[in-house]
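J.: Read off the chains here:
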Amino acid sequence: TQLLEQSPQFLSIQEGENLTVYCNSSSVFSSLQWYRQEPGEGPVLLVTVVTGGEVKKLKRLTFQFGDARKDSSLHITAAQTGDTGLYLCAGDLGNEKLTFGTGTRLTIIP
Amino acid sequence: NAGVTQTPKFQVLKTGQSMTLQCAQDMNHEYMSWYRQDPGMGLRLIHYSVGAGITDQGEVPNGYNVSRSTTEDFPLRLLSAAPSQTSVYFCASGDRGQSYGYTFGSGTRLTVV
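Protein chains in written order, with the numbering used here: chain S, 8 to 117; chain X, -6 to 106.
Because the hints were derived from the structure by calculation, they are not lab data.
As the structure is a prediction and not an experimental result, all values here were calculated from the model.
Note that the Cβ used here is the ideal one computed from N, Cα and C, for glycine as well.
Heads up, none of these hints are tricks.
Partial list, derived from the structure: chain S residues whose beta carbon lies under 10 Å from chain X:
{"hint": "1", "residue": "G49"}
{"hint": "2", "residue": "T55"}
{"hint": "3", "residue": "L95"}
{"hint": "4", "residue": "T106"}
{"hint": "5", "residue": "G108"}
Computed far set for chain S versus chain X, every beta-carbon distance over 10 Å:
{"hint": "6", "residue": "V62"}
{"hint": "7", "residue": "T88"}
{"hint": "8", "residue": "D90"}
{"hint": "9", "residue": "T114"}
Construct all of the structure, not just a fragment, from the sequences and the given hints.
T.: Here it is as structure tokens:
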């Protein structure tokens, strides 16, 4: 049983379109992180959200932590080919163990 | 460059062989961990350490040993390699509490034949 479910698993859209990726759980997290991973490399941290309802923006990327701290979303505006990659959410249950979702593989078509 | 360094990048082992995957960080992070990444399963925690001399098991610890004699180094040992341990292994480090996120190494791709 996967603690963190990400959807969709795969997403392929045209450059310039908007998209949203979801990360859901039945558990409450003390914080949640989003990473992007490119082929042959390790994940790179994009953002950490800590407070329920928190919204953080990183250029065209908007991250939201659910009010109950059980879910999160990543919204990308006007996608670019450089956004292509594997997006991973990871939750901290407060027990020093970070749990990862299975990821969303995003492809932006030029 | 500051960061997490993993060696080797690629390794092929025969079933039953042992080896050590090396991980070093130069950011003075207290927390270090090892993950394996398999297709369709995301990253799964193998072992972690909250400081020198302290280690604990993660989700999939069987077949792996770790030690943390210094803040900088956190090697992962495969005692007797099995084909099921074919995977990509990532080491990560961070500050305690995880609110600041982790820095990952670039991975070791291990194939056990």
